[in-house]
Amino acid sequence: QQQVKQSPQSLIVQKGGISIINCAYENTAFDYFPWYQQFPGKGPALLIAIRPDVSEKKEGRFTISFNKSAKQFSLHIMDSQPGDSATYFCAASILRAGGTSYGKLTFGQGTILTVHP
Amino acid sequence: DAGITQSPRYKITETGRQVTLMCHQTWSHSYMFWYRQDLGHGLRLIYYSAAADITDKGEVPDGYVVSRSKTENFPLTLESATRSQTSVYFCASRLTDNSPLHFGNGTRLTVT
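Protein sequences, first through last, are from chains U and G.
Using our numbering, read the first sequence as starting at 2 and increasing by one per residue.
Using our numbering, read the second sequence as starting at 84 and increasing by one per residue.
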């Protein structure tokens with residue numbers, strides 16, 4: 002059972018272009034949606050995150066767009082750079098106060114992004 | 084440098100052998116997690132722990148055992164390794180259930 006589905010599996014973008022990665026979730030109880038970035042030989046690291054009370058969050062060149070009714074969220078990387086080449090994971094968890102989920106993250110399948118110079 | 088350390092970085096073992104992957108964090112984080120990363124599956128949760136002596140199963144716990152006698156350590160044991168357990172294993176920790184999750188650099192395990 003894949004509760005978070007991510008696409009595409011791989012993405013090639015030219016330097017300066019826009020990279021877009023999409024995720025869809027099934028569990029309507031999810032209320033925290035982070036994106037993680039992973040470089041080869043390293044563990045994933047938190048890139049940006051959003052809660053469902055807003056439809057968009059921007060941090061520098063990275064933007065999360067969130068559509069609660071469609072149960073979808075996406076990562077947009079503006080002005081993509083070769084240094085952005087990495088694997089990106091979307092994730093979701095339940096952070097509702099008083100819950101017992103311990104903030105367990107459910108990850109998507111990952112997207113390998115390659116930005117050509 | 085404080086952080087989360089996994090050992091070994093690489094391990095080759097034979098089918099049927101017992102293997103233990105180590106995870107140590109210096110932040111005194113309450114929550115710790117073990118994930119496995121496989122192409123096409125992303126990161127899947129094996130086990131997690133909310134505090135010392137409190138552990139619970141994740142999405143893919145079969146064939147694995149964990150313990151947490153001390154807050155800073157969270158070892159993962161494969162009781163009888165199988166080829167399907169060939170994977171990259173990541174340990175992670177977080178201070179509270181809504182703080183950022185920090186990952187180690189992983190252990191690449193090959194079962195022959």
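A portion of the hints provided could be inaccurate.
[Claimed, not checked] Among chain G residues calculated to face chain U with C-beta under 7 Å, some are:
#1 180
#2 183
#3 186
[Stated by the list, open to error] What the simulated footprint calls covered on chain U by chain G, stretch by stretch (three residues with Cβ under 8 Å from a Cβ of chain G suffice, anywhere in the stretch; the number is not a length):
#4 38-44
#5 104-115
Hints in this document: simulated from the structure, not taken from any laboratory.
These figures come from a predicted structure and were not determined experimentally.
Backbone N, C-alpha and C define an ideal beta-carbon position, used for all residues, glycine too.
Against the structure, the hints come out as follows:
1. 180: Nearest chain U Cβ about 4 Å off; hint holds.
2. 183: holds (5 Å)
3. 186: holds (3 Å)
4. 38-44: With 3 residues closer than 8 Å to chain G, the segment 38-44 of chain U meets the three-residue bar; holds.
5. 104-115: holds (count 8)
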